Amino acid sequence: MIQAAKHEKVLVSIRVNGKLYEEAVEPRKLLSDFLREECGLTGTHVGCEHGVCGACTVRVNGAAVRSCLMFAVQAADAEITTVEGLAHPGNRHPLLDALSECHGLQCGFCTPGILMSAAEFLEEHEEPTREQIKEMLSGHLCRCTGYKGIVEAIEKVAKSKRTGR
Amino acid sequence: MKPASFNYYRPSTLEETLQLLLDCGDEGKLIAGGQSLIPILNMRLSSLEHVIDINGLQELDYIRMEEGILKIGGLCRQRSLEKSPTVKEVAPLLSEAVPFIGHVQTRNRGTVGGSLVHADPTAEIPLSLLALNATAIIQSAEETREVPVEDFFITYLTTDIASTEMLTEIQIPVDALPKGYAFVEFSRRHGDFALVAVASLLDTDEDGTITAGRIAIGGVDAVPMLAHDAMDVLLGEKLTDALLEEAGNIAAENTDPESDLHASREYRQHLAKVFTKRAIRKAYERSQHKLGGGRNHDSGSQT
Chain A
790 MIQAAKHEKV LVSIRVNGKL YEEAVEPRKL LSDFLREECG LTGTHVGCEH GVCGACTVRV
850 NGAAVRSCLM FAVQAADAEI TTVEGLAHPG NRHPLLDALS ECHGLQCGFC TPGILMSAAE
910 FLEEHEEPTR EQIKEMLSGH LCRCTGYKGI VEAIEKVAKS KRTGR
Chain B
4 MKPASFNYYR PSTLEETLQL LLDCGDEGKL IAGGQSLIPI LNMRLSSLEH VIDINGLQEL
64 DYIRMEEGIL KIGGLCRQRS LEKSPTVKEV APLLSEAVPF IGHVQTRNRG TVGGSLVHAD
124 PTAEIPLSLL ALNATAIIQS AEETREVPVE DFFITYLTTD IASTEMLTEI QIPVDALPKG
184 YAFVEFSRRH GDFALVAVAS LLDTDEDGTI TAGRIAIGGV DAVPMLAHDA MDVLLGEKLT
244 DALLEEAGNI AAENTDPESD LHASREYRQH LAKVFTKRAI RKAYERSQHK LGGGRNHDSG
304 SQT
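Just so you know, the protein sequences line up as chains A and B, in that order. Count along the first sequence from 1, then add 789; that gives the number in the working numbering. Count along the second sequence from 1, then add 3; that gives the number in the working numbering.
Fair warning: there could be bad hints in the mix.
[Said to hold, decoys possible] Stretches of chain A that chain B covers, calculated by requiring three or more beta carbons in the stretch to come under 8 Å of a beta carbon on chain B:
# : stretch
1 : 815 to 823
2 : 858 to 870
3 : 913 to 927
4 : 932 to 946
[What the hints assert, rightly or not] For the chain A half of the interface with chain B, some residues (derived, Cβ under 8 Å), not all of them:
#  : residue
5  : Met790
6  : Lys808
7  : His839
8  : Gly840
9  : Gly843
10 : Thr846
11 : Ala852
12 : Ala853
13 : Val854
14 : Glu890
15 : Leu894
16 : Ser906
[Claimed, not checked] Below, a sample of chain B positions facing chain A; criterion: calculated Cβ distance under 7 Å:
#  : residue
17 : Tyr12
18 : Leu17
19 : Asn58
20 : Gln61
I should point out that these hints are in silico values taken from the structure, not numbers from a laboratory. Quick caveat, the model's predicted, so the values are computed rather than measured. C-beta atoms are modelled at their ideal positions from N, C-alpha and C, and glycine is treated no differently.
Using the sequences provided together with the hints, build the complete structure.
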């Protein structure tokens with residue numbers, strides 16, 4: 790059993806984008822804050838901090854979840870992927886270029902979360918319909934684009950995965 | 004940091020968890036998926052003395068069939084329920100209801116048991132489990148109880164579960180379930196809390212006469228309610244437009260919603276009528292399909 794009294798810190802080790810981070814934090818520390826403050830991975834954005842806006846979405850053992858609705862201590866021993874993990878040199882996720890080509894972002898605040906959800910979605914849907922894409926995007930608020938470019942970018946990546954081009 | 008400081012425990016067995024609940028008494032609070040609890044803590048609408056994290060209890064994350072009973076572990080994620088071929092086969096009402104819960108990103112983490120014990124009057128899982136006549140298995144260090152979901156809800160966010168107890172399993176007797184089903188819901192934005200949601204189950208015979216069923220309505224009272232009177236007028240009858248209208252009216256009259264900034268009492272009652280009618284018609288048509296004929300009785304005007 791893991792146990793910590795009020796204000797007491799526990800040692801949390803989390804593997805993020807393949808790298809192990811070990812920090813002593815209070816159990817109330819949110820995973821989103823752990824990623825930004827302890828790991829220095831500020832690509833994960835923090836918007837509403839109560840699970841509505843989707844900006845802080847990361848992948849925990851492959852599943853896209855809100856990092857503001859998890860304590861860091863709950864992610865101990867999990868494999869986390871953040872937006873930084875999509876841009877490894879030599880292993881760049883095709884969504885990054887597709888979003889820019891389709892004008893799928895303007896200010897970019899919502900983009901990291903959308904990328905993480907879309908990456909999971911594309912692994913599960915080979916030929917997604919527009920409806921399915923919109924359903925997945927319903928968990929993300931974007932105030933700049935009107936979503937059209939984002940939907941097109943996701944369609945583009947799905948298509949190029951199918952055709953190999 | 005957003006939430007106020009708390010004492011944290013992450014037990015690794017059910018036995019440890021139940022002992023902790025006993026030791027913490029009224030000050031103890033379980034956290035499962037945390038998709039309702041953590042927003043409350045982040046906004047400091049509440050602060051907790053002891054938080055008992057049950058995410059280590061993998062033994063409670065399952066979906067299985069045993070002797071005609073669908074058993075769902077308290078820690079089963081909503082997303083697992085949504086994707087389960089077993090659930091789709093034996094209790095398709097649940098498969099239809101789950102996509103209405105929040106978003107895929109919250110369903111990846113939110114649990115079935117957590118939603119039931121949170122008991123939001125508009126939530127999809129409590130409503131579906133009420134329609135499905137499910138039973139909640141509740142354990143404490145001292146005893147194990149079985150509570151029909153019908154008797155489980157007391158009022159807003161309040162259930163028949165003591166501070167020393169936890170929900171460990173949900174049981175749905177699927178052999179006796181009516182074959183026609185429907186889950187319909189109205190919300191202002193996709194994934195938002197429902198204003199009104201209706202779950203219905205109907206059985207019909209070869210003539211199209213309704214032989215059994217249950218209709219449950221959410222968002223119209225402090226707890227999800229069964230529309231007994233509406234069901235009574237349907238039993239032994241074939242569905243006609245006039246009968247459907249009558250059942251919808253009765254269902255709406257029996258609701259007792261409140262007005263708030265999202266919708267007035269009158270509008271919620273109107274929605275209760277319209278969505279009850281839709282749920283009845285859809286379940287009726289599906290039950291006719293299940294009989295093999297695929298006939299479409301009296302499906303005149305769209306409701």
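Evaluation of the provided hints:
{"no.": "1", "hint": "815 to 823", "result": "holds (count 6)"}
{"no.": "2", "hint": "858 to 870", "result": "holds (count 5)"}
{"no.": "3", "hint": "913 to 927", "result": "holds (count 3)"}
{"no.": "4", "hint": "932 to 946", "result": "violated (count 0)"}
{"no.": "5", "hint": "Met790", "result": "holds, 5 Å"}
{"no.": "6", "hint": "Lys808", "result": "violated, 23 Å"}
{"no.": "7", "hint": "His839", "result": "holds, 4 Å"}
{"no.": "8", "hint": "Gly840", "result": "holds, 5 Å"}
{"no.": "9", "hint": "Gly843", "result": "holds, 6 Å"}
{"no.": "10", "hint": "Thr846", "result": "holds, 5 Å"}
{"no.": "11", "hint": "Ala852", "result": "holds, 4 Å"}
{"no.": "12", "hint": "Ala853", "result": "holds, 5 Å"}
{"no.": "13", "hint": "Val854", "result": "holds, 5 Å"}
{"no.": "14", "hint": "Glu890", "result": "violated, 25 Å"}
{"no.": "15", "hint": "Leu894", "result": "violated, 19 Å"}
{"no.": "16", "hint": "Ser906", "result": "holds, 6 Å"}
{"no.": "17", "hint": "Tyr12", "result": "holds, 5 Å"}
{"no.": "18", "hint": "Leu17", "result": "violated, 12 Å"}
{"no.": "19", "hint": "Asn58", "result": "holds, 6 Å"}
{"no.": "20", "hint": "Gln61", "result": "violated, 12 Å"}
The structure does not agree with the numbered hints 4, 6, 14, 15, 18 and 20 stated previously, though it agrees with the rest.
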